[in-house]
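**Student:** Sequences listed follow chains A and B, in order. Using the UniProt record's numbering, you'd call the opening residue of the first sequence number 1 and step up by one each time. Using the UniProt record's numbering, you'd call the opening residue of the second sequence number 1 and step up by one each time.
It should be emphasised that the hints constitute simulated quantities derived from the structure, not laboratory data. Each hint should be verified, as a subset may be incorrect.
Since the list gives no way to pick out one identical chain from another, each pair is judged satisfied if it fits inside one copy or across any two copies.
To be verified - SDA-like cross-link-like pairs, simulated, lysine to any residue; straight-line CA separation at most 20 angstroms:
#, residue 1, residue 2
1, LYS407, GLU312
2, LYS226, MET423
3, LYS273, VAL380
4, LYS454, ASP187
5, LYS226, PRO260
6, LYS439, THR192
7, LYS410, GLN371
8, LYS226, SER361
2 protein chains.
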Amino acid sequence: MAFAAEAKTTSIPARDPRATAAAIAELAAHFGNRLVTSQAVREQHGNTMTWIDNQAPDAVVFPQETADVQAAVRICAKHGVPVIPFGAGTSLEGQINAPQGGVSIDFRDMNRILAVHTEDLDCVIEPGVTRKLLNEHLRDQGLFFPIDPGADASLGGMAATRASGTNAVRYGTMKDNVLSLKVVKADGEIMTTATRARKSSSGYDLTRLMVGSEGTLGVITEITLKLHGIPEAISAGICPFPSVEAACNATILTIQSGIPIARIELLDEVQVKASNAYSKLSLPETPLLLVEFHGTETGVAEQSQRFGEIAEELGGGPFEWATKAEDRTRLWQARHDGYFAACSLRPGAKSLATDVCVPISRLAECVTETQRDVQEAKLVAPIVGHVGDGNFHVALMVEPSDPVEMKAVKIFLERLTERALRMGGTCTGEHGVGQGKMKYLLAEHGAPALAAMKAIKLALDPQNIMNPSKMLPPD
Amino acid sequence: MAFAAEAKTTSIPARDPRATAAAIAELAAHFGNRLVTSQAVREQHGNTMTWIDNQAPDAVVFPQETADVQAAVRICAKHGVPVIPFGAGTSLEGQINAPQGGVSIDFRDMNRILAVHTEDLDCVIEPGVTRKLLNEHLRDQGLFFPIDPGADASLGGMAATRASGTNAVRYGTMKDNVLSLKVVKADGEIMTTATRARKSSSGYDLTRLMVGSEGTLGVITEITLKLHGIPEAISAGICPFPSVEAACNATILTIQSGIPIARIELLDEVQVKASNAYSKLSLPETPLLLVEFHGTETGVAEQSQRFGEIAEELGGGPFEWATKAEDRTRLWQARHDGYFAACSLRPGAKSLATDVCVPISRLAECVTETQRDVQEAKLVAPIVGHVGDGNFHVALMVEPSDPVEMKAVKIFLERLTERALRMGGTCTGEHGVGQGKMKYLLAEHGAPALAAMKAIKLALDPQNIMNPSKMLPPD
Numbered sequence: 001m002a003f004a005a006e007a008k009t010t011s012i013p014a015r016d017p018r019a020t021a022a023a024i025a026e027l028a029a030h031f032g033n034r035l036v037t038s039q040a041v042r043e044q045h046g047n048t049m050t051w052i053d054n055q056a057p058d059a060v061v062f063p064q065e066t067a068d069v070q071a072a073v074r075i076c077a078k079h080g081v082p083v084i085p086f087g088a089g090t091s092l093e094g095q096i097n098a099p100q101g102g103v104s105i106d107f108r109d110m111n112r113i114l115a116v117h118t119e120d121l122d123c124v125i126e127p128g129v130t131r132k133l134l135n136e137h138l139r140d141q142g143l144f145f146p147i148d149p150g151a152d153a154s155l156g157g158m159a160a161t162r163a164s165g166t167n168a169v170r171y172g173t174m175k176d177n178v179l180s181l182k183v184v185k186a187d188g189e190i191m192t193t194a195t196r197a198r199k200s201s202s203g204y205d206l207t208r209l210m211v212g213s214e215g216t217l218g219v220i221t222e223i224t225l226k227l228h229g230i231p232e233a234i235s236a237g238i239c240p241f242p243s244v245e246a247a248c249n250a251t252i253l254t255i256q257s258g259i260p261i262a263r264i265e266l267l268d269e270v271q272v273k274a275s276n277a278y279s280k281l282s283l284p285e286t287p288l289l290l291v292e293f294h295g296t297e298t299g300v301a302e303q304s305q306r307f308g309e310i311a312e313e314l315g316g317g318p319f320e321w322a323t324k325a326e327d328r329t330r331l332w333q334a335r336h337d338g339y340f341a342a343c344s345l346r347p348g349a350k351s352l353a354t355d356v357c358v359p360i361s362r363l364a365e366c367v368t369e370t371q372r373d374v375q376e377a378k379l380v381a382p383i384v385g386h387v388g389d390g391n392f393h394v395a396l397m398v399e400p401s402d403p404v405e406m407k408a409v410k411i412f413l414e415r416l417t418e419r420a421l422r423m424g425g426t427c428t429g430e431h432g433v434g435q436g437k438m439k440y441l442l443a444e445h446g447a448p449a450l451a452a453m454k455a456i457k458l459a460l461d462p463q464n465i466m467n468p469s470k471m472l473p474p475d
Numbered sequence: 001m002a003f004a005a006e007a008k009t010t011s012i013p014a015r016d017p018r019a020t021a022a023a024i025a026e027l028a029a030h031f032g033n034r035l036v037t038s039q040a041v042r043e044q045h046g047n048t049m050t051w052i053d054n055q056a057p058d059a060v061v062f063p064q065e066t067a068d069v070q071a072a073v074r075i076c077a078k079h080g081v082p083v084i085p086f087g088a089g090t091s092l093e094g095q096i097n098a099p100q101g102g103v104s105i106d107f108r109d110m111n112r113i114l115a116v117h118t119e120d121l122d123c124v125i126e127p128g129v130t131r132k133l134l135n136e137h138l139r140d141q142g143l144f145f146p147i148d149p150g151a152d153a154s155l156g157g158m159a160a161t162r163a164s165g166t167n168a169v170r171y172g173t174m175k176d177n178v179l180s181l182k183v184v185k186a187d188g189e190i191m192t193t194a195t196r197a198r199k200s201s202s203g204y205d206l207t208r209l210m211v212g213s214e215g216t217l218g219v220i221t222e223i224t225l226k227l228h229g230i231p232e233a234i235s236a237g238i239c240p241f242p243s244v245e246a247a248c249n250a251t252i253l254t255i256q257s258g259i260p261i262a263r264i265e266l267l268d269e270v271q272v273k274a275s276n277a278y279s280k281l282s283l284p285e286t287p288l289l290l291v292e293f294h295g296t297e298t299g300v301a302e303q304s305q306r307f308g309e310i311a312e313e314l315g316g317g318p319f320e321w322a323t324k325a326e327d328r329t330r331l332w333q334a335r336h337d338g339y340f341a342a343c344s345l346r347p348g349a350k351s352l353a354t355d356v357c358v359p360i361s362r363l364a365e366c367v368t369e370t371q372r373d374v375q376e377a378k379l380v381a382p383i384v385g386h387v388g389d390g391n392f393h394v395a396l397m398v399e400p401s402d403p404v405e406m407k408a409v410k411i412f413l414e415r416l417t418e419r420a421l422r423m424g425g426t427c428t429g430e431h432g433v434g435q436g437k438m439k440y441l442l443a444e445h446g447a448p449a450l451a452a453m454k455a456i457k458l459a460l461d462p463q464n465i466m467n468p469s470k471m472l473p474p475d
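Can you build the whole structure from these sequences, using the hints too?
**Tutor:** Spelled out as structure tokens, the structure:
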């Protein structure tokens, strides 16, 4: 595959195969049949996205509690063998590949909801719980957890990747919704990063340091999450705009006006066309904003009306909105089916999803330049954006076996990231770095900040066994 | 003073006075008359709160730009001399003392607002800008910065201390409102911790690591802050409750109901009595909640009405509220004058303010036990709480020259912190650790987390020159 070589450019020191064998023997004694070394299972754990080659671990273990994870890390630390945490396998940038081999720790069986504190609006869960499972559990209590990446990811993976989704403009990202973590450190010690207090000024913010560290500083074994009350009323709407710029300006004005919008999603013309065809809709084939408001009946009506006025002021409309569940689902159909609609643009192609995030004042320019690049490179690549955050996704529909196309894709991806950085943005708003975006870290953060990150990594994982060859580029 | 010895129990390695003299000579060459070594100025920089003894630095420098800070840090690093950042001098736990001597970096002259990006709702400022100065600057643009510790603190100090205040229940703390920092590291390199993008999954969260690190990992020289639109309408109200428990339960129910309350402040009976006397009010002398709602005219009316219903359900009331500025000021008078009212309880006494924060489900219990302790120890100590966060302050009015009283105060403070930790809380919600709360870090965080903090400190400041003998207790 076209990008395999690039993902492997890191010169990886060879690990001693005898050390791996010794570690596996010790793990077998602890884990019994919860240690698996079959080729099929190993390969399942060595890949997430198709654009980075499968790099399988040497073994997979299935812990049932924190003590199991501690045992696995201690054994791996003793033998200098890599440890790669595995949640639902939905990461997009090669976060769970095992380029140096090692042991994948699969949290499939650590999926218990340990406590829900309704008065404190928090819960304590194991990392294998997926976001949908959690929300099903919470529904009867009138609570929900708002972070919603596209996939039904595990909350451990979401914490490790600093994930977000459509609700981030109102509810924040994983950074804002993790209160505390239990973590097995590289030395096998179990640390708790914070208390359940809503805020603290005591000590370094280890919680935020671990959130987004992609398993490179330790293995998360328990998560305390903030919860939110299910809103009394929800309104949802859809609004066409004459241009991406008009849609982005409406977004800016909405946020400036203090309208506490819960979701504001951009679909570009290409995505709208795909949705019309796939979902049999008849939407105007211009950039669209899909919006959602949370509050009281009166509140969401007022918010919807004000948004409609702003949209019209900027040449958008007609703005259609509704509060009944079935009407809301209908209005958001294009977004719900977005992934499949995009895939239908080029049947048989692979989807290569990437994301960047820029200050919202530069978003229209960034999306428009990117659309021009898509056209010029003759790529099939609809754009969907969490525009309230300045974050957007390009879903490239690619033919991985075509080297000419893959070269164009590679150039496109580099130009996209360079554009985002040039506009004061980041190489990834929510997908993470993994292997795929390591090469941009220096350009984004600069040498002094990258040196600080590497110093922290070395301090907390001196043997470099925690998910090595990820995130931080080699010197 | 009674607590001086305790604050100095850390065995501090002697610094070589010749090194200090050599550093000061080099600093004089760079800073000219912006280097000051007079006794008076040094002592002004070696104390914040009266309960920890003055520990003056050897010199004070007044940088005008990041390059000056870099020069100062490089000179100090070369000679192994401590560097202590100084903002407005309003920290409460000895954060700016110089127990090992060294150079205080006073940001008085670095108080420029460098940029306001209205479309992105952010601004870039120097660390010497105070929160009031910033809000005066922003007012004409319809924007504000919500974090409001009691004092007119500098935003650099607020970032370093992870400060918050009355608006945190709605707008978060400094952790949530700092987008990026420019920092001079211990090696003299200048790093930028993040881009201006609203969210990112790229690399370790250096921003959150620096926020709350109290100058122990580097010196902040520039801050990018999130801003918010001034709400179209504000309502404020006051409501008496039969007990602290009833007031806390009303707070819990308000938040659970999804009412986006902007402020919810508890005044205990002692504070209300003080306010009645000082501000010539006639409030019922029971626990009070002071609340504020931000939104549209309709929205704040609806929120106020709903809060009133909840309060009544829990035996509170009557709930009086208003939207006109002068009426709101009148209703909140007791809060605005709270500090002076507390001081008037014992004229001539010193105020010793402390804070803890617990999960909100334990707040009533924690406050009630604390009140009992105040009574039993015969202390004068009103309580004011940011109850939406589970955070409260005890304002001890003490006579520092009375060793018997100070011993009782010391026991009271230890019991308070132990109580908060026992209830799953933190030793400080917003004042920080400094020297005063170092001794609680191990009990709060546990050995593995504290070891991680110390490893990070050693990695980023191997010479231990950045605000040494603060936050992290010695082994």
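**Student:** Please go over all the hints and tell whether each is borne out by the structure.
**Tutor:** Here's how the hints hold up against the structure:
no., hint, result
1, LYS407 with GLU312, "neither (42 angstroms within a copy, 68 angstroms between copies)"
2, LYS226 with MET423, "between (33 angstroms within a copy, 18 angstroms between copies)"
3, LYS273 with VAL380, "within (12 angstroms within a copy, 71 angstroms between copies)"
4, LYS454 with ASP187, "both (18 angstroms within a copy, 14 angstroms between copies)"
5, LYS226 with PRO260, "both (19 angstroms within a copy, 15 angstroms between copies)"
6, LYS439 with THR192, "between (32 angstroms within a copy, 18 angstroms between copies)"
7, LYS410 with GLN371, "within (16 angstroms within a copy, 65 angstroms between copies)"
8, LYS226 with SER361, "between (30 angstroms within a copy, 14 angstroms between copies)"
Consistency with the previously given hints fails for number 1 only.
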